[in-house]
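Asker: Residues per chain, in single letters:
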Amino acid sequence: MRHGESVMNTDLLIQGAELMLLGMGIVFGFLTVLVFTLRGMSLLADRLHQPEQVHPELPPPIDVSDHRQVIAAIAVAVSRYRATHGA
Amino acid sequence: MRHGESVMNTDLLIQGAELMLLGMGIVFGFLTVLVFTLRGMSLLADRLHQPEQVHPELPPPIDVSDHRQVIAAIAVAVSRYRATHGA
Amino acid sequence: MRHGESVMNTDLLIQGAELMLLGMGIVFGFLTVLVFTLRGMSLLADRLHQPEQVHPELPPPIDVSDHRQVIAAIAVAVSRYRATHGA
Amino acid sequence: MEQGFEAIWRSMGIANIEIGQIVMVLVGAGLIFLAIRKGFEPLLLLPIGFGCILANVPVAGLAEDGVGQLLLAGDPAHLGALAQVLGVPVGELGDGVKHAHGAASSEAKLLAHNLGYEPGMLYQFYAVAIGSGVAPLLIFMGVGALTDFSALIAKPSTLLLGAAAQFGIFSTLIGALALNVIPGFDFTLAEASAIAIIGGADGPTAIFLASKLAPDLLGAIAVAAYSYMALVPIIQPPIMKLLTTQSERRVEMQQLRPVSKLEKILFPLTVLLLCLLFLPSAAPLIGMLTFGNLLRESGVVDRLSKAAQNEIINAVTIILGLSVGSKLQADKFLSVETLGILALGAAAFCIGTAAGVLMGKLMHRLSGGKVNPLIGAAGVSAVPMAARVVNKVGLEANHHNFLLMHAMGPNVAGVIGSAVAAGVLLAVVGG
Amino acid sequence: MEQGFEAIWRSMGIANIEIGQIVMVLVGAGLIFLAIRKGFEPLLLLPIGFGCILANVPVAGLAEDGVGQLLLAGDPAHLGALAQVLGVPVGELGDGVKHAHGAASSEAKLLAHNLGYEPGMLYQFYAVAIGSGVAPLLIFMGVGALTDFSALIAKPSTLLLGAAAQFGIFSTLIGALALNVIPGFDFTLAEASAIAIIGGADGPTAIFLASKLAPDLLGAIAVAAYSYMALVPIIQPPIMKLLTTQSERRVEMQQLRPVSKLEKILFPLTVLLLCLLFLPSAAPLIGMLTFGNLLRESGVVDRLSKAAQNEIINAVTIILGLSVGSKLQADKFLSVETLGILALGAAAFCIGTAAGVLMGKLMHRLSGGKVNPLIGAAGVSAVPMAARVVNKVGLEANHHNFLLMHAMGPNVAGVIGSAVAAGVLLAVVGG
Amino acid sequence: MEQGFEAIWRSMGIANIEIGQIVMVLVGAGLIFLAIRKGFEPLLLLPIGFGCILANVPVAGLAEDGVGQLLLAGDPAHLGALAQVLGVPVGELGDGVKHAHGAASSEAKLLAHNLGYEPGMLYQFYAVAIGSGVAPLLIFMGVGALTDFSALIAKPSTLLLGAAAQFGIFSTLIGALALNVIPGFDFTLAEASAIAIIGGADGPTAIFLASKLAPDLLGAIAVAAYSYMALVPIIQPPIMKLLTTQSERRVEMQQLRPVSKLEKILFPLTVLLLCLLFLPSAAPLIGMLTFGNLLRESGVVDRLSKAAQNEIINAVTIILGLSVGSKLQADKFLSVETLGILALGAAAFCIGTAAGVLMGKLMHRLSGGKVNPLIGAAGVSAVPMAARVVNKVGLEANHHNFLLMHAMGPNVAGVIGSAVAAGVLLAVVGG
Ligand code: NA
Ligand code: NA
Ligand code: NA
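Residue numbers (our numbering), protein chains in the order written: chain Z, 1 to 87; chain Y, 88 to 174; chain X, 175 to 261; chain S, 262 to 692; chain B, 693 to 1123; chain V, 1124 to 1554.
Extracted from the complex, chain Z is given alone in its bound form (with noise of 0.2 angstroms):
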């Protein structure tokens, strides 16, 4: 029993060989499919840039809630200037 145990053990050691291999090969041909793949896309998005510009009416990120945010931005700004200037 004990020796079809380890000749279990041996075959299973192989079948985790080769899934070692099987999947260092396949994370490696993916990534490197990968590093190209998106170099073609870069070149792409630049192709495509110019008309990019026509539409510079996406929404922007700051949202209403975050108006509290701005306020204190303009207000930091303001005693900021405020300071500089002398005021």
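Honestly, the hints are just simulated from the structure, not real lab data. Hints may be right or wrong, so weigh each one.
To be verified - Distance condition first, Cα-Cα at most 20 angstroms in a straight line; then the derived EDC-like pairs of lysine to aspartate or glutamate:
| no. | chain 1 | residue 1 | chain 2 | residue 2 |
| --- | --- | --- | --- | --- |
| 1 | S | K525 | Y | D133 |
| 2 | V | K1161 | V | E1129 |
| 3 | B | K953 | X | D185 |
| 4 | V | K1387 | Z | D11 |
| 5 | S | K567 | B | D994 |
| 6 | V | K1484 | V | E1375 |
| 7 | S | K522 | Y | D133 |
| 8 | V | K1429 | V | D1271 |
| 9 | S | K473 | S | D447 |
| 10 | B | K801 | S | D447 |
| 11 | S | K593 | S | E368 |
| 12 | V | K1232 | B | E810 |
| 13 | V | K1232 | S | D592 |
| 14 | B | K1024 | B | E944 |
| 15 | S | K359 | S | D477 |
| 16 | V | K1384 | V | D1271 |
| 17 | B | K801 | V | E1375 |
| 18 | S | K370 | V | E1241 |
| 19 | V | K1455 | V | E1230 |
| 20 | V | K1455 | V | D1271 |
| 21 | V | K1335 | B | E810 |
| 22 | B | K904 | S | E379 |
| 23 | B | K1062 | B | E940 |
| 24 | S | K359 | S | D336 |
| 25 | S | K299 | B | D994 |
| 26 | B | K1084 | B | D878 |
| 27 | S | K473 | V | E1375 |
| 28 | V | K1384 | Z | D46 |
| 29 | S | K370 | V | E1230 |
| 30 | S | K502 | S | E657 |
| 31 | B | K801 | S | D336 |
| 32 | B | K790 | B | E698 |
| 33 | B | K956 | X | D220 |
| 34 | S | K370 | B | E799 |
| 35 | B | K790 | B | D767 |
| 36 | V | K1232 | B | E799 |
Fit chains Y, X, S, B and V with the ligands to the supplied structure of chain Z, relying on the hints for placement.
Answerer: Same frame as chain Z, but now just chains Y, X, S, B and V with the ligands:
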């Protein structure tokens, strides 16, 4: 039947009374033990207090988002004060 | 078979027409009743308006927790100002 | 066409509404009125009132499960199949469904599902939120994250005030069983226990226990619990004044010592440890309460603490309220039992308050007059309302007497006390 | 090793992708493009588009239930067991699964579960969010909490404009049935009703009704509904101008009276009451809409109102969008029926707009010229886009003519109107 | 009375607690200590530690399903019925339940439900959050919404560093299988794969994979993964210094080019497309990650992006943490296997770091010295801790050497890399 019911109900009342004694006993027992354990805890915490001082970098309870509110509020307060006092 | 299908479809179309009449009838009926009920509601609200004045303590939209922060912040700001300006 | 009109007519509320449903719609409207106009625990009573109205919309069956929808639809073939599964004549299906349990109930549900009947919206909310027990526990987590236990840590002896006030629970239990001598009342020990927990003056604990011990009474129990919590400023002062003298009420208490950050962190873990050792049946309630409190006090997981205090508790409250409302169906709520529950609940609050004050008087004597007995009234919990009432009554007796912080100790002790009482009831009755 | 490579190759998308899936990936990408670049209802169309791509990932079966996973895995023993449960030959399992219902369907699901097949991620999202009906209702609660009905309360007669615009729904229903004369179309009354609701111009109502009456068409219906809502500024103006004269469009309307707080509180309860009395089948939709509105207007539960307007609606929108996308699987979407649905949806919007404007003209006459007929176009709902379009067309005719507030009345009336229409369809067709 | 006392005594923790539970309570307390005092990934380890304590509350069975509750209750009639369903003698019920699967397991659950046993609180959290696979995926969506991939887009070659670091995963897989020579260890291929994923240094990926491949080991795997992520500042620097020369560490890298908005929008779609074509088994993980990132970068759905970054991720984290804790029950955690997992996890981190640095050295050579090899260490992910460690080690060698932005590329590449590795393991082992 009526008689049987009333016997049953007396049984139930006895069970209820037992449950009351048991329940109040456990509630008082549990909370009394808790009283003493909490006192022990406070003593323990007091002893451990010195090492705590060594690590004063525990994050403060005010997080960033509140920060901005506070800044805004301070700014408003300061500007009102100035408005009132002619600064 | 083709004939049977077309008969079936005519049946379905008739059902659909019935459903249209019924549906538009109910939509108009429901919303017409709602028109009159809303008018009644407004009259009723108008009459109940005086008592409402008696209870002007309905909670304001600002909740307590924010309030306290602002007050706290103002208090801190004011006390710092005083500390700095010797008030 | 005629058929369509008839279908529509048959589907209309006015063709089907029962008197009980009309009454319950008025009850729901009344709860909403109390919530909006009188400020009665609006966060819960407004959704409960609205859920009550929705649960009593005729025909729609929003609070019914699949089997209930099958009964409402009234298809003879389907009724026959259901009767066969339950082993009752078609004529007695109503009772058969009510009393079905175990395998028969599971099979009836599967049949209804296979025949295409799906549970109503409110039933689904109930199953997810309360049937699973999860919603009250998440609320309790939020309560833990919102509660500062400093006053209790500074003066642990106030725990005894929170213990005494639980007498309201157990005396009500006897009261409920005693009511059985009146014809029409027939509370089991489990039902009496679920009713008694109203005396704990703690909403989520009451809902959690009722969902385990007496789901059919849950609606009345939750409504009573939240209503009386809102009425604390009216119920408590007369009792407090009756049981104390003017000079007792005037007692000013010594300022509480400051509590260290470490103590605050160790507190929830200590409470959890005792619960683990002595009352595991209270572990869900005490566990979530102390978990929320540890999120708050640890200082390293502010994101999670705020989520527990805001997003989670708010969303859960909405669904919990509607779910409780779903249990306010006419046939379940409009019974003499509900009147009994309302009466018992009022008694529970009064007795709990009295027991707390009396324990306060005892501590007053034993401490040589340092303890103001009024703070015992806060032991019923109803956080923070009861503590505010103590403060107000104290101020009436002595204009320099600020008892708020001193009452917070027994007040939060009352939360732990009623969770412990719930644990005892679950262990003995629900086992 | 070879075995591993083969397993990996067999598991790769490129070895399995079908032409239909490629097309659907492009459709998903197109929806995302419209959402980001053209601003087409991005809150819904972006998640729907992304869900569409995910649902068409080959092999992964993200939108399949356990039975679908079993079919994808293709284990002969498991296929045999499934065929036996369904009572069909193994070769016809695809159709057998599609047409299974009731007990057979339940048993097939149990078999798949017992054999270890679990539903894909998107299927789970769909089951929880849409299968249960809960997500569109929670969105509707949020809509109620976000909507100010003042304009409607000030001028209830605008409800009739909201009623007229529902003609788009019912004429489309006829249209869908008429399409059946074309080979390839075979809409049932339930399917035609689900398609017709696109004319309601209300996303959650459309999803709710389609999930009840025609789940297989839900993807196409939701995409059509949201796309046309985004196209309202293009679809409506020509129709509005065609049906009105320049002088009609110039009419300036009298300022609306202010509405009291009490009226705003009573409004949701009034609408709910009428729904309860006359159209219980609309109770889930109307109930949640008015509940959300009451949370908003009551003024005592701001925590809950904000949760309904933000946290809840945002989280639900994400899951709802992905779930709708899960219904955009190639085999379901790429059919001539989808083209029919898109065409019918466009017709529905046009007819609804026209009916609203014509009713506006009638009110213009009856009111002695006080009503600008343009505001009838807002009766289709598509809140607040349609009202803004009315304002813009009004301004084009008369630079001092601000119709926005006046158009909000019919606009929100359209939401109620299409919920009522959905209730009628559910009562007659879904019963 | 006596009966009551006995019932209470029998229900007490101290009468039932087992030594294993005491140990696990200490483990839970230890995790909480590490989270609060040492700042070890507190967002996860604090809830996990608390969940661990709750799962080991004696008698309560908070982490047990209905069948577990039946066993705990110990009613002889019920045990007999369960034994009959499972076809085992009553004496062997413990093992019988553990090994039941498929139909027998379903029937046992139905029996327990019909007999009135309901799953404990933590079990329910686990079933909803992890059993369904949904919680780690929602966290991943949040990670996507929180992550800026600019550094990776600017320099895609750093993806290879993220690839190399995955060697930690696959070598650990071999290590786990090799451990089987030691008596007491008997890891299957699926279990070894689940353990190996610790080397991915990515919490949600580890939990997702473990829940699919080895649910019983999930607790130990998650604890190991988060603990070692917290230990990254201690584990990595010695290895980084051992494998690099001082002059290599001094290399300053060229500033990254700015990345356009359009590139950021196309990035998630590109990654998704490759996943769809080449590794559909990674679609749930990669799909939700890229979905979250698209919500962020699209700029048109800020409401949803913020919900994903805050409300959703916070609420899910709380439930996920408690659920992971539920798997830290004494009988599952206190075994020699856990020690093996902890040892293997440490090895995985070391090997992954080394592989990343060695690949960094290779890129250093190939690029003619432009690449600082330290940034390879960030390839293990553990975002953003590993990148910060790189920055710190770089600064030690050269006070003007700010590597943070350069390390972010491999750092986020590591997230993608380990999701790909998880996809491979699922496709080969989980198929
Ligand atoms: Na209490
Ligand atoms: Na509409
Ligand atoms: Na990684």
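Asker: Taking only the CA atoms, is the gap from S:K359 to S:D477 under or equal to 20 angstroms?
Answerer: holds (11 angstroms)
Asker: Given the hint that V:K1232 pairs with S:D592, test it: the Cα-Cα distance must not exceed 20 angstroms.
Answerer: Violated: V:K1232 and S:D592 sit about 32 angstroms apart, past 20 angstroms.
Asker: Is the straight-line distance between the alpha-carbon of B:K790 and that of B:D767 20 angstroms or less?
Answerer: Roughly 19 angstroms between the alpha carbons, so the hint for B:K790 and B:D767 holds.
Asker: With the threshold set at 20 angstroms, check whether the alpha-carbon distance from S:K299 to B:D994 stays at or below it.
Answerer: holds (16 angstroms)
Asker: Going straight from one Cα to the other, do S:K567 and B:D994 come out at no more than 20 angstroms?
Answerer: holds (17 angstroms)
Asker: Please verify whether V:K1384 and Z:D46 have alpha carbons no more than 20 angstroms apart.
Answerer: holds (11 angstroms)
Asker: Decide if the proposed pair is consistent with the structure: B:K1084 and B:D878, CA atoms, cutoff 20 angstroms inclusive.
Answerer: violated (41 angstroms)
Asker: Mind checking the alpha carbons of V:K1335 and B:E810 for me, to see if they're no more than 20 angstroms apart?
Answerer: Distance ~10 angstroms between V:K1335 and B:E810 Cα, so the pair holds.
Asker: Between the alpha carbons of V:K1161 and V:E1129, is the straight-line distance 20 angstroms or under?
Answerer: violated (43 angstroms)
Asker: Taking only the CA atoms, is the gap from V:K1455 to V:E1230 under or equal to 20 angstroms?
Answerer: With Cα atoms ~24 angstroms apart, V:K1455 and V:E1230 exceed 20 angstroms; violated.
Asker: Is the Cα-Cα distance between S:K473 and S:D447 20 angstroms or less?
Answerer: The given pair, whose Cα atoms are some 19 angstroms apart, holds under the 20 angstroms limit.
Asker: Quickly compare the C-alpha distance for B:K956 and X:D220 to 20 angstroms and report which way the hint goes.
Answerer: The given pair, whose Cα atoms are some 12 angstroms apart, holds under the 20 angstroms limit.
Violation of the numbered hints given earlier is confined to hints 2, 3, 4, 10, 11, 13, 14, 17, 19, 20, 26, 27, 31, 32; the remaining hints are satisfied by the structure.
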